[in-house]
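Peer 1: Once you have looked at the hints, place chain B on chain A.
Residue numbers (this note's numbering), protein chains in the order written: chain A, 3 to 316; chain B, -17 to 249.
Hints are not guaranteed to be accurate.
As the list claims (entries may be wrong) - Rough simulated footprint, nothing fancy, chain A against chain B, three-plus residues with beta-carbon under 8 Å: (1) -4 to 6; (2) 69 to 78; (3) 81 to 93; (4) 148 to 161.
Simulated from the structure, these hints should not be mistaken for lab results.
Source: prediction; values computed, not measured.
Virtual Cβ for every residue (Gly too), placed ideally from N, Cα, C.
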Amino acid sequence: MGVIRVHEPGLFTTVQDLGREGLGPLGVSASGAGDAISLRLGNRLVGNVAGAAGLEMTLLGGTFVFPEGALLALTGSDFGATLDGKTVELWTALEAKPGQTLRLGPTRSGARCYLCVRGGIAVESFLGSASTHVLSGLGGFDGRALRKGDVLDTGATNGLTRKRKLSARAVKTMEPRKVLRVTPGPQSDWFDEASHRLFYGSMYRVAEDSNRMGLRLEGVAIPMPPDGGGMVSEGVALGAIQMPEGGQPIILFVEQQTTGGYAKIANVISADFHSLGQLRPRDEIRFERVDWETARDLLRQQEEFLASEELILE
Amino acid sequence: MDLAAGMRAQFQFASDQSLLVYFEQLSEEGRSKDRPLQKQGRDEVGAGRTGAARPPQRQITVQANEKVRKLLRLLELEPVASVRNLHPAYCSLLIKFDALHMRHEELEEILRGYLDRLDEAKLPEPRHLEIPVCYGGEFGADLAEVCALRGLTEAQAIELHASAEYLVYFLGFVPGFAYLGELPEALVTPRLATPRRRVSAGSVGIAGNQTGVYPFATPGGWRLLGRTPMAMFRTDRDGLSLLSIGDRVRFTPISADRFAALEKEWV
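Just chain A, same shape as in the assembly (with noise of 0.2 Å):
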């Protein structure tokens, strides 16, 4: 057991692990972390289990002392951070002495960076899950975003862990992508041909406004399918792209709402959801439409990479 005092929350900061599924009937959507295959691999580098909670920061990250020592990683997007002045490296599990301050700034690279701890972030966990669903409340630290001065437990430890550091070849390979890889919506066929040929022949740019409920994007309208107007509600995907009134689409993320009602002409498969997690406002994006079975193919090999030994060195 060890304390992490928040000197400096950053912009946007919150306890995150894998999500709460099984909410859905309440309306609560899963949550959890936006790039979960960096906090699984910054969990993997710390010796904690894949699920176990870490912070995760937006565009600019905070300042953390830790008054007992811990040893952590830090991955996603680099962040500039820094232990005590010195610079610290992504992807590579790291000591901090009792006493010593991490610091890290605006991004130089995506949306989201990892702090992970050994032992992880111990809050109490609600169903199952210690992610915050900033909405409702619900989870994480209070059920909201860190501030200066509080303070986060980190859980039990067994001692020593041995310097871990991930393979140039798994950075390399879990790079985010911008060209987003998409099944077909639910309503995809009430798009015309036209419009599909618009879509995916179309570069968008993630809107400023976009935020953990959703990616708003802009470019190439896309018009409106004849009654889209007339959908009745439904349960909606993560990755879920929606086409409102105005035509520029909207991509539901990890805090989505849980129906919607607009048609959605693509879906973005899992194996991409991590470079969701790591677009930042104005980023250009392209979609790519790939069949069902090369979605649960990508998904596959994306997960027999992440579990794969010659992922970590020691």
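Peer 2: Frame of chain A; chain B shown alone:
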């Protein structure tokens, strides 16, 4: 597959790890419509929409929704391994599953067994709940306009809204948001053309033939008639949400003084 009472269940892949089950009414020719219930007004909470409300197809919605609730119930009582989450709606159920352990086709096969037994499923006795509402004034910013649109006095509109017992079709959009229907015909009003950027928690709104209470301050396009001091979603309450799918709900008009008193009492 065909179900009793002229209903049909249809499967649709929603994503690589989710499957939609739609319940739809077979039309007179025995053929289902391509898009079930498309004539009902869209019920997106945050959306703006203009134009006259179209007539609801009541029978179909209630019947289909009962199938949704029964399938949800069966899946909760007898969970399927590898199913992770369930998102019910008016006449559909989205089922999230783990694609590393199950294919869409395998889930469909299992669900056919559940659908065959759907009529055996016993829904729990509905709970009857009352929600106190202070109508009009600053709490019901759209009450006057709804009255103007529908040729009602405020007292009539309030009486109409409080006269019906509503069914909780499902909870969706945000935590604890109950889609309630059906609104008395005389109150049916289209949603706002431009949604508000922020609607206060507890606001009671109408849209098309639906009504509902905003559990949290969110953007919203429903027309606001009043506000309740009751918390719709609390993390420190068993069950979290005040309302559950299948509940029956009535609204009770209260004065501004009573609102203030209850708000104080319930904080």
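Peer 1: None of the hints should be skipped; say for each whether it holds.
Peer 2: Structure-based check of all given hints:
| no. | hint | result |
| --- | --- | --- |
| 1 | -4 to 6 | holds (count 7) |
| 2 | 69 to 78 | holds (count 9) |
| 3 | 81 to 93 | holds (count 4) |
| 4 | 148 to 161 | holds (count 9) |
Every hint, counting from the list given before, is met by this structure.
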